[in-house]
Amino acid sequence: DSGVTQTPKHLITATGQRVTLRCSPRSGDLSVYWYQQSLDQGLQFLIQYYNGEERAKGNILERFSAQQFPDLHSELNLSSLELGDSALYFCASSPRTGENTEAFFGQGTRLTVV
Amino acid sequence: GEDVEQSLFLSVREGDSSVINCTYTDSSSTYLYWYKQEPGAGLQLLTYIFSNMDMKQDQRLTVLLNKKDKHLSLRIADTQTGDSAIYFCAERYYGQNFVFGPGTRLSVLP
Numbered sequence: 164d165s166g167v168t169q170t171p172k173h174l175i176t177a178t179g180q181r182v183t184l185r186c187s188p189r190s191g192d193l194s195v196y197w198y199q200q201s202l203d204q205g206l207q208f209l210i211q212y213y214n215g216e217e218r219a220k221g222n223i224l225e226r227f228s229a230q231q232f233p234d235l236h237s238e239l240n241l242s243s244l245e246l247g248d249s250a251l252y253f254c255a256s257s258p259r260t261g262e263n264t265e266a267f268f269g270q271g272t273r274l275t276v277v
Numbered sequence: 190g191e192d193v194e195q196s197l198f199l200s201v202r203e204g205d206s207s208v209i210n211c212t213y214t215d216s217s218s219t220y221l222y223w224y225k226q227e228p229g230a231g232l233q234l235l236t237y238i239f240s241n242m243d244m245k246q247d248q249r250l251t252v253l254l255n256k257k258d259k260h261l262s263l264r265i266a267d268t269q270t271g272d273s274a275i276y277f278c279a280e281r282y283y284g285q286n287f288v289f290g291p292g293t294r295l296s297v298l299p
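Chains A and B are the protein sequences, given in the same order. Residue 164 is where the first sequence starts when you use this note's numbering, and the numbers rise one by one after that. Residue 190 is where the second sequence starts when you use this note's numbering, and the numbers rise one by one after that.
Careful: at least some of the hints might be erroneous.
[Said to hold, decoys possible] Derived DEER-like restraints, expressed as beta-carbon distance ranges: (1) B/D192 - A/R273: 24 to 30 Å; (2) A/G191 - B/Q269: 33 to 39 Å; (3) A/R181 - B/Q269: 40 to 46 Å; (4) B/T219 - A/A177: 21 to 27 Å; (5) B/D267 - A/E217: 43 to 49 Å.
[Stated by the list, open to error] Over 12 Å on every C-beta distance to chain B, these chain A residues come out as not near it, computed from the model: (6) S165; (7) T178; (8) V182; (9) R185; (10) G191; (11) Q211; (12) G215; (13) L224; (14) S228; (15) Q230; (16) E238; (17) S242; (18) L246; (19) G247; (20) V277.
Hint data in this document are derived by calculation from the structure and do not stem from the laboratory. As the structure is a computational prediction, the values presented were derived from the model and not from experiment. The C-beta atom is built at its ideal place from N, Cα and C for all residues, glycine as well.
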């Protein structure tokens, strides 16, 4: 158990809908990362938050957004869903941004868009 | 730009050593990582190496880093069926996001 909790584990929804994925980082970790894993694109970095503020942005679509709350949990919002958004979405956390060495991943949320 | 490459498949016999290779392009990477993903599971951190090191050993795992060639390898000694998984190499620069390779699917044959 990495200590990073993601909910829900599985999500099935229809095209055009909106979903929210939730991530609770390890206790004390300030930095949260979101990744998308799909068969054709591999593991793609979406976005990073540190202590409530956006720190880095990767290949995140405009239809997607995220935030990190004062209690440090993070949510990834996916809207106007398309079939191609079906993927495994991972959250990772690390103690801080900077000279930290480890990041721990949650079990992921498997999103299926039908 | 950053790019990490790995061969996609590797098959070994149980009890043999496995060597999974990775090349990366960002010479400013400070840490290089190996993660393991079992079917239906998340990413499990196996080990990491700081870029000023050449080698790191942790029980059955040995990581070798050739910084000049930007080549990283993971050796698993006495490979077991439980080692069957996808292994991801990743690079990272001082707490920035990880850049992952495509993953190497290791199959361990009895």
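Do the hints match the structure? See the list:
The hinted window of 24 to 30 Å between B/D192 and A/R273 holds, with their beta carbons roughly 27 Å apart. In this structure the supplied range 33 to 39 Å holds for A/G191 paired with B/Q269, their Cβ-Cβ distance being about 34 Å. A hinted range of 40 to 46 Å for the beta carbons of A/R181 and B/Q269 is consistent with their spacing of about 44 Å. For the pair B/T219 and A/A177, the supplied restraint of 21 to 27 Å is violated, since their beta-carbon distance comes to about 43 Å.
The beta-carbon spacing between B/D267 and A/E217, approximately 45 Å, falls within the hinted interval of 43 to 49 Å. Not every beta carbon of chain B lies more than 12 Å from that of A/S165, the smallest distance being close to 7 Å; the non-interface claim is violated. The non-interface label for A/T178 is consistent with chain B: the shortest C-beta to C-beta separation is roughly 25 Å, beyond 12 Å. A/V182, annotated as away from the interface, keeps every beta carbon of chain B farther than 12 Å; the closest lies near 19 Å.
Once the 12 Å rule is applied to beta carbons, A/R185 is consistent with being away from chain B; the minimum gap is 15 Å. At roughly 15 Å from the closest C-beta of chain B, the C-beta of A/G191 stays outside 12 Å, upholding its exclusion from the interface. Separation of A/Q211 from chain B is inadequate, the least Cβ-Cβ distance of about 6 Å not exceeding the 12 Å criterion. At roughly 16 Å from the closest C-beta of chain B, the C-beta of A/G215 stays outside 12 Å, upholding its exclusion from the interface.
Every CB of chain B is more than 12 Å from the CB of A/L224 (nearest about 16 Å), matching its label as outside the interface. Listed as outside the interface, A/S228 is consistent with that label: its C-beta sits roughly 17 Å from the nearest C-beta of chain B, beyond the 12 Å cut-off. The non-interface label for A/Q230 is consistent with chain B: the shortest C-beta to C-beta separation is roughly 17 Å, beyond 12 Å. No Cβ of chain B approaches the Cβ of A/E238 within 12 Å, the least distance being about 18 Å, so the stated non-interface status holds.
A cut-off of 12 Å between C-beta atoms confirms that A/S242 is not in contact with chain B; the least separation is 23 Å. The beta carbon of A/L246 sits about 21 Å from the closest Cβ of chain B, which is more than 12 Å, so the claim that it is off the interface holds. For A/G247, the requirement that its beta carbon stay farther than 12 Å from each beta carbon of chain B is met, with the minimum near 18 Å. Once the 12 Å rule is applied to beta carbons, A/V277 is consistent with being away from chain B; the minimum gap is 20 Å.
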